[in-house]
Amino acid sequence: MVIFYIEHENGSLKKNCYETAAYAAALAQQTQSQSVGICLGSVSAESLAALGEYGTNKVLQDTNARFDTEVDAGVLAKAVAAQAQQLNAQYVIIPHSYLGRALAPRVSVRLKAALVPAVVEMPDTEGKFLVKRGVFSGKGFAYCTAHTTVKVLTVAANAFPAIKTGTSVAEVQNFTAETTDTRVKRISVEKLSNKVSLTEADIVVSAGRGLKGPENWGMIEELADVLGAATACSRPVADTHWRPHHEHVGQTGVTVSPNLYIAIGISGAIQHLAGVNSSKVIVVINKDPEAPFFKAADYGVVGDAFEVVPKLITALKAYKAS
Amino acid sequence: MKILVCLSKVPDTTTKISFTDNNTKFNAQGVTWILNPTDEWYALVRALEIVEQQGGSVTVIHVGNAEGDQLIRKALAIGANDAVRIDVEPQDAFQAAANIAQYAAQQSYDLIMTGKETINYNGAIVGGIIAEILELPYVSLASSLDVNGSTATMKCEIEGGEETVEASLPLVVSANKGMAEQRIPNMRGIMTARTKPLSVIPAFANTQTQVEVVKFEAPPTRGNVHLVDPDNMDELVRLLHDEAKVI
Chain A
1 MVIFYIEHEN GSLKKNCYET AAYAAALAQQ TQSQSVGICL GSVSAESLAA
51 LGEYGTNKVL QDTNARFDTE VDAGVLAKAV AAQAQQLNAQ YVIIPHSYLG
101 RALAPRVSVR LKAALVPAVV EMPDTEGKFL VKRGVFSGKG FAYCTAHTTV
151 KVLTVAANAF PAIKTGTSVA EVQNFTAETT DTRVKRISVE KLSNKVSLTE
201 ADIVVSAGRG LKGPENWGMI EELADVLGAA TACSRPVADT HWRPHHEHVG
251 QTGVTVSPNL YIAIGISGAI QHLAGVNSSK VIVVINKDPE APFFKAADYG
301 VVGDAFEVVP KLITALKAYK AS
Chain B
1 MKILVCLSKV PDTTTKISFT DNNTKFNAQG VTWILNPTDE WYALVRALEI
51 VEQQGGSVTV IHVGNAEGDQ LIRKALAIGA NDAVRIDVEP QDAFQAAANI
101 AQYAAQQSYD LIMTGKETIN YNGAIVGGII AEILELPYVS LASSLDVNGS
151 TATMKCEIEG GEETVEASLP LVVSANKGMA EQRIPNMRGI MTARTKPLSV
201 IPAFANTQTQ VEVVKFEAPP TRGNVHLVDP DNMDELVRLL HDEAKVI
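Each protein sequence line maps, in turn, to chains A and B. Just so it is clear: in the first sequence, position 169 is 169 by our numbering, and no numbers are missing. Just so it is clear: in the second sequence, position 129 is 129 by our numbering, and no numbers are missing.
Please keep in mind that the hints were generated in silico from the structure rather than gathered at the bench. No residue lacks a Cβ here, since even glycine has one placed at the ideal position from N, Cα and C. Warning: the hint list may mix true and false statements.
[What the hints assert, rightly or not] Quick look at which bits of chain B chain A covers, simulated, 3 or more residues with Cβ under 8 Å: (1) 52-58; (2) 158-167; (3) 203-214.
[As the list claims (entries may be wrong)] Once the Cα atoms are required to be at most 20 Å apart in a straight line, the calculated SDA-like pairs of lysine to any residue come out as: (4) A:K15 to B:V246; (5) A:K78 to A:Q90; (6) A:K280 to B:L227.
Using the sequences and the hints, build the whole thing.
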């Protein structure tokens, strides 16, 4: 049995949930098993049943609304681990999200299972278990084996495509999870309005010191808007507080792996490249033709950002309108 | 307030990563080892700030061989009161975390802090494992931490925003950018660090490795960059649509 954790927010499934479901389904198929989603909280049975399109066989749901705002990973881990034991699960799949990073280690300890974090491919399950994951902050990959029967894997964001495999409907069954008192309480949530989440974004528009000052970020925001992209920045920009620190992409900041990463006025220090290496396509706009970033780019534009970016925005608007 | 800060040893951020022995080992030749940045810059410094305000002590702990001693001395120079090194070179995050948890179980820390993740294995696992073994609450990726009596308040990064959470001590916290500002050790700190206690203890039982790296792989190299005329952004848009198929 392969079970996976269903992450949701305000009644909707999160993007990582589809990736996790697709990963679990592919693994279940590969091991001639079933994939079962565990949902804690209020999500409509309809949207859970629709996970069948991604290969999910069944979803077990505890509709108790207390889980909707539960931020104590210990409470969630207890419920997930109990289900894993009851279903005799061999694999537990959890997204490598903010919540997943708190949840997965706790589940693994409860199950005495090895945890392989941030996997980027399906494991080899014939013979010795082997799975690929990112290491050295994007500067390498490691193939890992695990010495326990039960294994917990977290799936890196944007690494495994959420592919619909059919039109099946997953069976949704209710259950009552074991619970404990919460020891971490959410006081408030501050969502950045209309912003695409950086770690989940398909497209990221990132800018560096070449922009000269925080007042010049208007065109970066506009470019991101046109593309439906998240905005990011280099470390010096975050350190000088031109942009909030959660936008800092790089080895000591956030690691991203979007389909498209557009770097504007960023020279491409090795620490920055480490954080963006796994992007599928990289576009670099820089007036210095010797900027090291060009060596790591797929497409390059040698030119002044203040001239190139407005032209790019115009071209994209024309393309979107056509 | 008794705080334990977990420190990992990692290759310097500018290290060019390569592998040896048929890609089965990390090539450590010529590598400069440093304290893991988020452990040092955020977890350690915030722990020191809290103790400076409220009294108490900061102990740093490292799981690894004697090579780590000079890095531990750096943490002592920055201001930690004493240090513990568990004398085993960990082969996976579980081994490191399980050793730290068993050590901490014999003490009574109000706070156990780690960095967000190490820059060599990027697992973000250690704090969660310690918390579950010790049955403590855990808050990961906190970008601020304030302690008032027996309650801690933290801001945490989440997808597309930030949340504020509250938890009671004892607590395990992983520190993210924003929690504190990096401190450079001064000469007085460096001098006093030499005489601060560093106890070396053997590994605990039941801390066997669970995950083993069988081989490494370098990331795929990109082809040559395709340069586009800065006056022809229509062409860039066309390439991104037709050739790269990303828009």
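Hint check:
| no. | hint | verdict |
| --- | --- | --- |
| 1 | 52-58 | violated (count 0) |
| 2 | 158-167 | holds (count 10) |
| 3 | 203-214 | holds (count 7) |
| 4 | A:K15 to B:V246 | holds, 18 Å |
| 5 | A:K78 to A:Q90 | holds, 17 Å |
| 6 | A:K280 to B:L227 | holds, 17 Å |
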